[in-house]
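Participant: Quick note, the sequences are listed as chains L and Z, same order. Quick note on our numbering: the first sequence kicks off at 1 and runs consecutively. Quick note on our numbering: the second sequence kicks off at 1 and runs consecutively.
No wet-lab data here; the hints were simulated from the structure. Among the hints, erroneous ones may be present.
Stated by the list, open to error - Listed next, the in silico DSBU-like pairs over lysine-lysine satisfying Cα-Cα at most 30 angstroms (straight line):
#1 Z:Lys-522 x Z:Lys-249
#2 Z:Lys-236 x Z:Lys-249
#3 Z:Lys-393 x L:Lys-40
#4 L:Lys-40 x Z:Lys-403
#5 Z:Lys-525 x L:Lys-40
Claimed, not checked - The calculated label-pair distances, taken between Cβ atoms and stated as ranges, are:
#6 Z:Ile-230 x L:Ser-36: 27 to 33 angstroms
#7 Z:Gly-268 x L:Leu-26: 26 to 32 angstroms
#8 L:Val-13 x Z:Trp-69: 58 to 64 angstroms
These figures come from a predicted structure and were not determined experimentally. Using N, Cα and C, we set each Cβ at its ideal position, and we do this for glycine too.
Spelled out from the first residue to the last, the chains are:
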Amino acid sequence: MPEPAASPTNRPVITPTRVVAGLCLLAPFVAMLWVSSYAKIEPTLIGIPFFYWYQMLWVLISTVLTMVAYKLVQREQRARKGGAAQ
Amino acid sequence: MTLATTATTATTPLAASSTQGVNGVALAVFVFFFLAVTVMGFLAARWRKAEESANLDEWGLGGRSFGTWVTWFLLGGDLYTAYTFVAVPAAIYAAGAAGFFAVPYTILVYPLIFTFLPRLWSVSHKHGYVTTSDFVRGRFGSKGLSLAVALTGILATMPYIALQLVGIQAVLDVMGIGGGENTNWFVKDLPLLIAFAVLAAYTYSSGLRAPALIAFVKDGLIYLVIAVAIIYIPIKLGGFDAIFDAAGKAFAQPGAVPGKPRGALTTGPNAQWAYATLALGSALALFMYPHSITATLSSRSRNVIRRNTTILPLYSLMLGLLALLGFMAIKAGTDIQGNPQLAIPQLFEDMFPSWFSGVAFAAIGIGALVPAAIMSIAAANLFTRNVYKDFLKQDATPEQEHKVAKLVSLLVKVGALVFVLTMDKTVAINFQLLGGIWILQTMPSLVGGLFTRWFHRWALLTGWAVGMLYGTLAAYGVASPTQAHFGGSSKEIPGIGEIGYIGLTAFVLNVVVTVVLTFALKAAKVPDGVDETSPADYTADAGDAGVTADLPPATAGAPTGH
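Using the sequences and the hints given, assemble the complete structure.
Facilitator: Spelled out as structure tokens, the structure:
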């Protein structure tokens with residue numbers, strides 16, 4: 001924040017944008033720690049058991065989710081800075 | 001990167017003897033790349049050089065000037081080490097699915113970094129903190145707690161550096177220049193000594209800039225080697241169907257534990273808690289390590305860190321593909337001479353033409369030098385700031401800090417070398433396991449401190465001690481077929497009855513003790529330390545008031561910007 005003294009109190013800490021960003025960051029934890037959901041061989045992909053390709057697929061999914069979270073947080077920050085400048 | 005399960009898989013005698021003799025072409029290519037990065041390492045001192053370079057910010061954090069791409073290479077070079085490249089496929093080779101936990105673990109690391117580290121970046125930039133201990137001291141006003149965090153960091157980093165040397169040794173062994181059992185010890189260890197001397201010399205002269213520059217070469221080579229390996233080797237072996245078929249049959253054979261198969265293609269119902277807790281616990285531990293913090297703090301702005309978490313998973317994908325090489329080594333019938341760690345280097349040597357084996361070995365070898373350099377710098381930063389300056393010489397000038405840090409980085413590496421040369425390699429792996437458990441115990445102070453000032457400093461210190469003690473004792477009690485103690489990192493979780501990662505159990509215990517004691521100490525009105533930070537410090541970004549792009553040289557402790 002450029003001027004922390006400007007209006008520090010009237011900004012809510014929890015905003016809808018932040019909740020969505022938080023869910024994006026939380027999703028990989030649910031998916032990866034729920035091991036029984038993917039501990040199986042079938043269906044295989046080009047011969048690779050489900051267990052392996054599914055987890056590697058989540059590398060890509062979590063990347064997309066993190067990007068979404070990044071964009072959301074950045075947009076909100078810009079809006080706040082713009083708001084503080086007015 | 002911590003690879004906890006390898007303790008059980010790599011406990012076979014590691015004294016590999018070379019039987020094939022020296023591979024001349026591969027060795028020539030390896031030496032060529034090694035010389036090239038050595039020259040780069042020394043020239044790095046001139047890269048983006050600041051006017052005033054004799055201070056810790058410049059040497060130890062590269063002047064805090066790195067942008068997205070350099071930070072990406074630095075963090076990547078840091079977290080995915082040579083040991084990883086050797087140990088992850090080795091764990092897969094030895095036991096199958098259990099070794100794959102490294103993939104969910106590295107998936108979970110990035111949301112954590114995204115959430116926690118920008119706050120640390122901001123507060124560190126505002127107050128000139130170089131290490132996590134600097135922050136803990138500033139936040140809780142407790143030198144004791146800061147010392148505990150610093151010592152844990154140094155202790156956990158040392159065996160990590162030693163393991164990098166173990167990674168280089170595996171490559172040297174396969175190339176046939178590691179020497180056999182009967183070779184004179186000096187001749188046998190000479191290549192390792194040379195590699196080590198080169199590493200020490202350019203870290204000393206160039207600081208963090210050297211590994212940052214070399215990381216470009218390292219990652220270029222590694223991506224190339226993996227892209228080729230993951231396409232070329234399966235074609236040679238008859239496709240993934242044939243590979244997993246052979247692996248399934250191999251894992252069904254009796255293993256080291258009587259009456260149990262060697263491994264499995266997926267995690268069985270009894271192994272799922274262990275898999276999940278290992279992934280989570282390792283992810284939490286990874287960004288507590290001093291070297292990942294060093295790489296993060298060296299970035300130019302808050303956003304560089306977050307943007308990085310969106311591109312770093314590229315490495316995780318690579319790690320997953322690399323892990324599959326472990327199955328290929330089974331199908332190919334790679335001769336590992338009783339040491340699973342040799343599986344991947346040996347697979348490369350068997351499958352690739354000599355010149356490309358040389359490239360692959362260079363990738364692993366250089367992959368060891370980058371993290372070893374960053375780790376020794378991180379450990380040196382910790383010692384200089386939080387032991388030397390806080391306790392030994394409080395009026396140290398920036399020049400003195402700089403000198404001490406350089407010297408300590410050298411000492412840390414010599415220590416790691418002595419460790420590798422004099423002790424059995426399983427000792428290094430055991431200590432690495434303990435290191436992961438230990439470093440996790442600094443999390444309540446660091447992450448807790450980033451979000452709340454509620455915890456009491458003495459409660460945090462006690463929680464840390466309890467976690468350290470439980471973790472060490474529990475790990476001591478784990479036996480494996482080849483070891484009576486420190487045989488692994490998983491044990492029954494008290495009260496739940498499932499097998500889980502000891503580090504995470506110790507961490508939960510640590511948090512419980514911290515919370516209970518905080519209530520007690522607050523009720524007893526025991527004085528809390530002075531907090532020198534303010535809430536706005538945690539969201540400050542480059543360009544904000546009090547946050548200058550170029551920090552005054554290593555002035556932590558002295559209030560800046562207020």
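Participant: Compare the structure with each hint and give your call.
Facilitator: Here is how each hint holds up against the structure:
1. Z:Lys-522 x Z:Lys-249: With Cα atoms ~60 angstroms apart, Lys-522 of chain Z and Lys-249 of chain Z exceed 30 angstroms; violated.
2. Z:Lys-236 x Z:Lys-249: 20 angstroms, holds
3. Z:Lys-393 x L:Lys-40: Since the Cα atoms of Lys-393 of chain Z and Lys-40 of chain L sit roughly 59 angstroms apart, the hinted pair is violated (cutoff 30 angstroms).
4. L:Lys-40 x Z:Lys-403: 55 angstroms, violated
5. Z:Lys-525 x L:Lys-40: 55 angstroms, violated
6. Z:Ile-230 x L:Ser-36: 27 to 33 angstroms: 28 angstroms, holds
7. Z:Gly-268 x L:Leu-26: 26 to 32 angstroms: 27 angstroms, holds
8. L:Val-13 x Z:Trp-69: 58 to 64 angstroms: For Val-13 of chain L and Trp-69 of chain Z the Cβ distance comes to about 33 angstroms; the hint is violated.
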